[in-house]
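Protein chains in written order, with this note's numbering: chain A, 1 to 281; chain B, 1 to 281.
FYI, nobody ran anything at the bench for these hints, they're computed from the structure. One should not assume that every hint holds.
As the list claims (entries may be wrong) - Straight-line distance between alpha carbons at most 30 Å, and here's what the computed BS3-like set of lysine-lysine pairs gives:
| no. | chain 1 | residue 1 | chain 2 | residue 2 |
| --- | --- | --- | --- | --- |
| 1 | B | 50 | B | 29 |
| 2 | A | 190 | B | 190 |
| 3 | A | 50 | B | 50 |
| 4 | A | 29 | A | 2 |
As the structure is a prediction and not an experimental result, all values here were calculated from the model.
Protein chains: 2
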Amino acid sequence: MKLTEEQKQQFDWDGYLFFPSLFRPEEIKVLMDEVPALYAQRRPENIGEKTANAVRTNFAAHMYSYPFAKLARHPRMVEPIRQVFDEDVYMHQFKINGKQAFDGDVWQWHQDYGTWRADDQMPEDRAMNVAIFLDEVNEFNGPLMFIPGSHKLGVLEAEHDLTTTSYPLWTINHETIRRLVERGGIVAPKGPAGSMILFHGCLVHASTSNLSPWNRVSVYLSLCAVSNHIRCFKRPGYIAHRDFAPIDCLPDDCLLRHYDVPLPWKDGTPAEELQGSLRAT
Amino acid sequence: MKLTEEQKQQFDWDGYLFFPSLFRPEEIKVLMDEVPALYAQRRPENIGEKTANAVRTNFAAHMYSYPFAKLARHPRMVEPIRQVFDEDVYMHQFKINGKQAFDGDVWQWHQDYGTWRADDQMPEDRAMNVAIFLDEVNEFNGPLMFIPGSHKLGVLEAEHDLTTTSYPLWTINHETIRRLVERGGIVAPKGPAGSMILFHGCLVHASTSNLSPWNRVSVYLSLCAVSNHIRCFKRPGYIAHRDFAPIDCLPDDCLLRHYDVPLPWKDGTPAEELQGSLRAT
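Isolated chain A (complex conformation) (with noise of 0.2 Å):
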């Protein structure tokens, strides 16, 4: 899968590219097979909502979970990316979000390269986010909403919220994100599950709560050109990855065929990723 001229050109202009039904139904119940045991563990890697007996995020599973060791190394999702850098990447990090049904709770106005600078010292804004749909997201069940162009201010001046919900976020404040809706508007990608969204680091995107009956599980990944590596260790593993291997891709059917991977984590997360520390690489 290449980009097109056009779509670098789009993608420059508005920060963001929305690849409708990029996955089939075959390979995307692959995966949902898989999270509702995923949840169920009783790992560090599962963040539950601050009111709600529900998982809001779940970290790392591809160093654990045989289906998404696999979308990690998924050729659909990794060569675009690596195209955009003109360089080789790694998995800065992976989540699932719930967003479930009924409790899932709202994401306040962020960008998600500000708090890579400034908890992992990462030098560059040369890191992509990928948010593949696992159920069909529509107008009801909290839809990523982004602020077209807003990728172009670099990093904004931003408050670390401590308290909205259960997650911990540098968001920006209310002025700024009133000036930059008036210039680019708000958009909401909708789609059938198997859609693929990849945007800018610095694009500011939120999220609602979702009081519809539908779940609205995504696969959130970052991916960072390799030798724009983090500096520092403030954040567990699990969230920050260390590893700065490039990504080897699999074949382009790996989700419906049995390759083999690695699944380091699979008996437990090791104790030095539970924690942050300051050493340096």
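Got chain A; can you put chain B on it based on the hints?
Quick look at chain B alone, frame taken from chain A:
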């Protein structure tokens, strides 16, 4: 303004009717100009959001605000309701809901008549909800969501939710919502300021939080058939009105021209209207 047979049929089937741009921009301006002063007043009628310094809802403005006193008597709003009930109506509840930019919180799934029956002893569901948009309503500022046809099931079992938001509500459990949505889906009417929705007192509805930089101020009215007036004054009079006199409509141009209307609470809310009592009528 008269409802057609087709509209009456549609209301019966779906439980709501949507009238885009029913009020003109200059009419809405008269109302909007009054809202900041209303929200700034320190009155018991202003209920704040749980986690923010923003008004969630203001009660009974038609008792102390001149433009809203005229709106409460507007024929474009009152006449179709009188037609549905084939009877005179009185104002049971008058709210201006803020759903303010960034801070507007959710309203969980509920039926209004459930509350009117449980708290106010309103005998039947012969009361109509009205929403009038003072701001544009779009997909990002927390539009009202309906489950079409859900009014057909009468009063559904509900739990008194005292914790989720700052305003207590009889909310419907997840399993019931799931079943209703499977049957009827979800709709969210959107449109310019000045649009109006009429919806059945038993229609199940909710709205999500507003993370956008756009306020979504709406007037929510409940008009009750006079013979169906409430029997119990457990809630304060500014929440559930105790004056069952039929509404006398003003002319159609009332928002733009001067008409004399009473403003009995202009200098404060009478003490007996501030508290609940069990005195029957």
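Results of checking the hints against the structure:
A C-alpha spacing of about 28 Å is found between residue 50 of chain B and residue 29 of chain B, which places the hinted pair at or below 30 Å, so the restraint holds. Taken as a hint, the residue 190 of chain A and residue 190 of chain B pair is honoured in the structure, with Cα atoms around 17 Å apart against an allowance of 30 Å. Taken as a hint, the residue 50 of chain A and residue 50 of chain B pair is honoured in the structure, with Cα atoms around 15 Å apart against an allowance of 30 Å. With a C-alpha separation of about 25 Å, the suggested pairing of residue 29 of chain A with residue 2 of chain A holds against the 30 Å cut-off.
Every hint from the earlier list agrees with this structure, and none is contradicted.
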